[in-house]
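Residue numbers (the numbering used here), protein chains in the order written: chain A, 5 to 383; chain B, 7 to 259.
Hints listed in this document are in silico derivations from the structure and should not be mistaken for laboratory results.
Among the hints, a few may not be true.
[To be verified] Calculated from the model, a selection of chain B residues having no Cβ within reach of chain A, i.e. all distances over 10 Å:
| hint | residue |
| --- | --- |
| 1 | V16 |
| 2 | P91 |
| 3 | P93 |
| 4 | K111 |
| 5 | G138 |
| 6 | L139 |
| 7 | K157 |
| 8 | P191 |
| 9 | A199 |
| 10 | L212 |
| 11 | N214 |
| 12 | K226 |
| 13 | I235 |
| 14 | D239 |
| 15 | V257 |
[Stated by the list, open to error] Straight-line alpha carbon distances no greater than 27 Å define the calculated DSS-like cross-link-like pairs of lysine-lysine that follow:
| hint | chain 1 | residue 1 | chain 2 | residue 2 |
| --- | --- | --- | --- | --- |
| 16 | B | K183 | A | K48 |
| 17 | B | K202 | A | K51 |
| 18 | B | K110 | A | K26 |
| 19 | A | K18 | B | K53 |
| 20 | B | K57 | B | K23 |
What you are looking at is a predicted structure, and each value in this text was computed from that prediction instead of being measured.
Here a beta-carbon is modelled for each residue, glycine too, at the ideal position from N, C-alpha and C.
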Amino acid sequence: MKLELTDQQKMIQKMVREFADKEVAPIASELDEKGEYPTKTLEKMAKLGLLGIIIPNKYGGAGLDTISYSIVVEEISRKCASTGVITSVHNSLTAWPIMKYGNEDQKKKYLPILAKGEKIGAFAATEPNAGSDLGALRTTAELKEDRYIINGDKTFITSGPEAGIIIVFAVTDKKLGTKGISAFIIESDMKGYKVGSIFEKLGINASKTSELIFENMEVPKENLLGKEGEGFKIALATLDGGRIGIASQAVGIAQAALDESIEYSKQRQQFGRPISKFQAIQWMIADMATKIEASRYLVYNASYKKDIGERISKEAAMAKLFASETAMDAVIKAVQIHGGYGYTKEYTVERLFRDAKITEIYEGTSEVQKMVIAGSLLK
Amino acid sequence: MNIIVCAKDVVDASEMKIDSNTNKPILEGISKKISDIDKNAIEEAIKIKEKHGGKITAITVGTPDSKERIKELLAMGADEGVLIPYPEKYDYHIVSKLLAEAIKKINEYDIIICGEASTDFFSGQIGPKIAGLLNISQITYAFNLNVEKDKIIGERNMGENSVTTESSYPVLVTVTKEINEPRLPSLMEILGAANKPIHEWNADSLLNDTNTKIETIDIKGISMERKNIVFKDNIDDSVTKLVDSLSKDGVLG
């Protein structure tokens, strides 16, 4: 057993780290403050292949493994958690289900667009009354001749206002419960597609989150993803991968909190010496670093198992649960280490503090992750 | 245009710390990287190749693990790499001779590009020494290059002035960091680098005489300590005292 990144993965890490330092870090705070979507950053990322990390070469992507994908999301999130989640959703919640469940025509049509970043991806499952409980979906899709007519409202959709390609879940047969849910590839210019309210959020402000409203949206029959009734299965499998992305984002945020804390504690002088010389600070730093290391290995483990084709519901849930709680713990400590300064917008940890919370909530709350973990152990 | 780039694999000086007891740099555990200005050299080579075609060979005199960093140069756009592991003893002179011999072995070249100096020792000797050993012309400290079919025109940074120099080929150029912004390789280019060759040439096969002429006696950190003088009076008095104090230290000219 060798717990080490390959030379190639190290090179990717180095490249993305350099990119994040040069292109992401300098504008992260401004984008957060203005609530501005990182459109230009995404264009630059597309040129480096970062929007098609896992998409196979023949569809214009880099065709890389899940560990490389985790590395990219971590390194981007370390400088801007908003850009991190957009990257994660685009790759794992939009491209991946098309790669896995799409037919050849769908792959040829949509994957190159996603790989080139010509359109940004989104994933629309959540509704006002159906979050983790997908069985309660109310959006309907009715087949009429050569097209489905979709009606319903989706909410909390990451990149909602900016997305061009959206994976949408709707009920095609109510009688069948979760087996009556189907998945569709939607384009934002389809008739009847509308962006609803854009949410004002606590954090990840540069990633726009909105409602999507479908009013008699006309979707060509060939845009059904997989077969009718496979939607629930597709959603769960996709979210397993998505959770690796969010766990990676959480590791990135936590690492940033640690980086900032180390730097600040060595500079900040109190009682005649840097506060890093005090045990109270040292213990916080040590706790943060240890949990971050553990989180990262949980992420790599889930990624590795995904790459060798194992089912990863439990591993992805564990990684997401532990990494997101680590991120929250790390940002609380980081603000504490920064004292009054950490509470101001002058310091990065203030943004990290706000950004971390969502990782315990979206793509399944910590409580849902525990349900998944316990469920797989107590079968 | 066939271009050879000499790139050094160095410790990342931004990670380097000085041991407060011995005043020596702590080099263990520090990551390595291609010297910053050599990245400008490779970038310039790629730009020339993009315009005029040809082939880029990157040569590094380094340690066996320097291959990892050579791969980065291949990912950026070099076509092949050459690694010459350091002989047991070496100095600027030996490294220049090894590079010159390797260049002779490659034989076909129009332009050799080096960074003006490396970010670790910053001697600035290697480029000019290679030009001397190969008996070819050189344009040093170039911050702008204009490559034409029969000649190359370089603007050289001479501090407060610049000097424009023209040369025929072959030529050796050393570049400054102002010349360009090195690119980052894309994921696809990183993957593609795995298929590009890196040759390993032993120092023995290139040079018979590896006697060194320069001996490094010691490496020490420069200690910078704050005086921690705080002027707490009202602003006018404090400013007067600060100016007096700075004048006494002779830092106000």
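Given hint K53(B) paired with K18(A) - CA-CA distance at most 27 Å: Holds - the C-alpha atoms of K53(B) and K18(A) are around 22 Å apart, at most 27 Å.
Is it true that the CA of K57(B) sits at most 27 Å from the CA of K23(B)? 42 Å, violated
N214(B): least C-beta distance to chain A exceeds 10 Å? 34 Å, holds
Is K226(B) truly not at the interface, in the sense that its beta carbon sits beyond 10 Å from all beta carbons of chain A? 22 Å, holds
Non-interface claim for D239(B): all C-beta distances to chain A beyond 10 Å? Holds: least Cβ distance 22 Å, greater than 10 Å.
Mind verifying the non-interface call on A199(B)? Its CB should be farther than 10 Å from each CB in chain A. 8 Å, violated
Minimum C-beta separation from P93(B) to chain A exceeding 10 Å: can you confirm that? 25 Å, holds
Please confirm whether K157(B) is truly not at the interface, meaning its C-beta sits more than 10 Å away from all C-beta atoms of chain A. 33 Å, holds
Verify that the Cβ of L212(B) lies farther than 10 Å from every Cβ atom of chain A, and report whether the claim holds or is violated. Holds, since 26 Å exceeds 10 Å.
Minimum C-beta separation from P191(B) to chain A exceeding 10 Å: can you confirm that? 6 Å, violated
P91(B) non-interfacial with respect to chain A [C-beta, more than 10 Å]: 18 Å, holds
Would you say V16(B) is clear of chain A, with no C-beta pair closer than or equal to 10 Å? 15 Å, holds
Hint compliance for this structure: hints 8, 9, 18, 20 are broken, all remaining hints hold.
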